[in-house]
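Protein chains: 2
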Amino acid sequence: MKMKPNLVITSVLVSVVLNFWKPTVQAQDLESWNNTETKSAIVEFVERVTAEGNADFVPPEERIAVFDNDGTLWSEKPFYFQLAFAFDRIKELAPKNPQWQDKPILKAAIDGDLKTVLEGGEHALIEIVMATHSGITTTEFEEIVNQWIKTARHPKTGLRYQEMVFQPMLELMRYLRKHKFETWIVSGGGIEFMRPWSEKVYGIPPQQVIGSCIKVKYEVRDGIPVLVRLPELEFIDDKAGKPVGIHKFIGRRPIAAFGNSDGDLEMLQWTTSGDGARFGLIVHHTDKEREFAYDRDSSVGRLDKGLTEAAEKNWTVVDMKKDWSTVFQKK
Amino acid sequence: MKMKPNLVITSVLVSVVLNFWKPTVQAQDLESWNNTETKSAIVEFVERVTAEGNADFVPPEERIAVFDNDGTLWSEKPFYFQLAFAFDRIKELAPKNPQWQDKPILKAAIDGDLKTVLEGGEHALIEIVMATHSGITTTEFEEIVNQWIKTARHPKTGLRYQEMVFQPMLELMRYLRKHKFETWIVSGGGIEFMRPWSEKVYGIPPQQVIGSCIKVKYEVRDGIPVLVRLPELEFIDDKAGKPVGIHKFIGRRPIAAFGNSDGDLEMLQWTTSGDGARFGLIVHHTDKEREFAYDRDSSVGRLDKGLTEAAEKNWTVVDMKKDWSTVFQKK
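Protein chains in written order, with this note's numbering: chain A, 1 to 331; chain B, 1 to 331.
There may be inaccurate statements among the hints.
Straight-line alpha carbon distances no greater than 25 Å define the calculated SDA-like cross-link-like pairs of lysine to any residue that follow [stated by the list, open to error]:
id, chain 1, residue 1, chain 2, residue 2
1, A, Lys200, B, Asp275
2, B, Lys217, A, Lys200
3, A, Lys217, B, Asp275
4, A, Lys178, B, Pro205
5, A, Lys200, B, His179
6, B, Lys150, B, Cys213
7, B, Lys217, A, Leu233
8, A, Lys239, B, Leu230
9, A, Lys305, B, Val226
10, B, Lys239, A, Leu230
11, A, Lys313, B, Ile224
Part of the chain B face toward chain A, derived, beta carbon under 7 Å [said to hold, decoys possible]:
id, residue
12, Ala152
13, Gly251
14, Ser273
Derived from the structure by calculation, the hints contain no laboratory data.
Cβ atoms here follow ideal geometry from the backbone N, Cα and C, with glycine treated the same way.
Same shape as in the complex, but just chain A (with noise of 0.2 Å):
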């Protein structure tokens, strides 16, 4: 048979382009990753799951990964960036409600006095929260965050909170995508706080972000029908609560779970103790100079049992300094 030059050409890139194509990873996939163990077990998970015809091949509707927000997706020192928020509301409402003054944990936020507030553990986070984020409508406070996070800056890096995502996790993000991976986020910190930018920056709708809530009320005023936001708690999604979490949004347990503290410790139990193929992986801040260094002694972002724990289930663990070639978003 003769063939047309042009025919021939383009066999012969078809078979070159076979012969060295790899599937899953491309240079520009996780390029802000160091060619490290870590990052081989990530290429290997994603090849052994998305394999047709492998033994741990899962469907498309199945391949839901979690991701924790604070410190996994952004940093979280001094102190978790929706505090910053709260404080600056709580600032600006102050003067309208003298009541506060009555109560010390709110006087003290009013006052920037960190160190009460933050001894006050998790109620006095709630007290706040509560003052600050409640008797409005949704879309009133949707508005207030997204104002917010345009313009504040954090106080240590003068950076916009937005500008401390990290490239690397934007990179997985995208390349589990690309896979046919849904990402999700269950995070401790506020649904409402994270769904009005999360598509913008992370790419993940806000029907893809858990979070804490408090309870909503339907109502309707003048005829418009809102949604009111009360000062009651409705939700934690932390700790053992975001196993409960992710089963009541998703309704299907993950086979991938990302995260970085033990609020995020029954989340990678209950993802990686499905059957079948599973990934679990744990951001280890190691890098003071680029960032922070923490783990088992922190208050905000404690790593200890999940440290000790990822040895004994091999879960993955990132070393900041050594894995990640950047660490914020590359503008």
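Add chain B to chain A, keeping to what the hints say.
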């Protein structure tokens, strides 16, 4: 310019296709819908929001459509199908729970005394659900639902419950998804009663099913993580609870809502009062021969205020008898 013959043919074909091709409705798209105003209203709305450049264009990520389940996607007579499931469960569990004989509602359910149960209203239904749907793990419950839905049969038609799904609504959901809508269920029924089969029957994955739920708790039993269902009500996704459930799970206002009873009124109000093009539709059960006929006076699936408000607000009302050429799912 001289064109080669095959180029000329291609050009002619392209212009023929461009002139006659109607992009949105093809014959098979909504084939169980008669050519009435109802069908036109649906098609016109979809064309308005999906035509790029149109003032009412909605980007795909905001094309959220919400569907009630009982009476909207499948029948709900003589009583909600989940109640039939609960009755079957309570009879099975009764021998091991002799204490139920002392509780009038539970005893009535065990004895099949439907009248007493229905007279007890919502509280009676909740008591029965608490008794029969809790105390086991989420995995165990899922298996029980799967087994029941495969085998149980409707008392009047003798059909399996899944065979009483409405064919026109299946076509409508497929038509919307083809136009990049996300289709969600927002039901007063139990979220975990629907999720095991919603993907297979409706093409709706578990993470797009919203419903009423009881509390769930994370536990590690002999080293194995489980989620245990507790006899404690968490959320009723009905009436004013529907916009609340939509906000919680989706975090974005739908642009189209489909219901059939006054339980869907607030969902229709919330959806259709947003900015831009909106669509509200009510399925009116008018076909005594092929299904059931009921509205303002029915205890199950009452449609009274909704029918009045539909006229005021220009919601589309399906007249099942007139608008649907087929009622139940085709085999």
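Each hint tested on the structure:
For the suggested pair lysine 200/A and aspartate 275/B, the alpha carbons sit about 21 Å apart, so the restraint of at most 25 Å is met. With a CA separation close to 33 Å, the supplied pair lysine 217/B and lysine 200/A exceeds the 25 Å bound. A C-alpha spacing of about 20 Å is found between lysine 217/A and aspartate 275/B, which places the hinted pair at or below 25 Å, so the restraint holds. Between the alpha carbons of lysine 178/A and proline 205/B the distance comes to roughly 20 Å, so the proposed pair stays at or under 25 Å and holds.
Pair hint lysine 200/A plus histidine 179/B holds up; C-alpha atoms about 23 Å apart against a cutoff of 25 Å. This hinted pair checks out: lysine 150/B and cysteine 213/B have alpha carbons roughly 22 Å apart, not beyond 25 Å. At most 25 Å may separate the alpha-carbon atoms for a hinted pair to count; lysine 217/B and leucine 233/A meet this at roughly 17 Å. With a C-alpha separation of about 18 Å, the suggested pair lysine 239/A and leucine 230/B falls inside the 25 Å cut-off, and the hint holds.
With a CA separation close to 20 Å, the supplied pair lysine 305/A and valine 226/B stays within the 25 Å bound. Straight-line distance between C-alpha atoms of lysine 239/B and leucine 230/A comes to about 18 Å, which keeps the hinted pair within the 25 Å bound. Annotation: proposed proximity of lysine 313/A to isoleucine 224/B holds, straight-line Cα distance about 13 Å (limit 25 Å). At its closest, the beta carbon of alanine 152/B sits 22 Å from a beta carbon of chain A; the interface hint therefore is violated under the 7 Å criterion.
A cut of 7 Å between beta carbons decides the hint on glycine 251/B: the least distance to chain A is about 3 Å, and the hint holds. A distance limit of 7 Å between C-beta atoms decides the matter here; for serine 273/B the minimum to chain A is near 5 Å, and the interface restraint holds.
When held up to the earlier numbered hints, the structure conflicts with 2 and 12 and fits the remainder.
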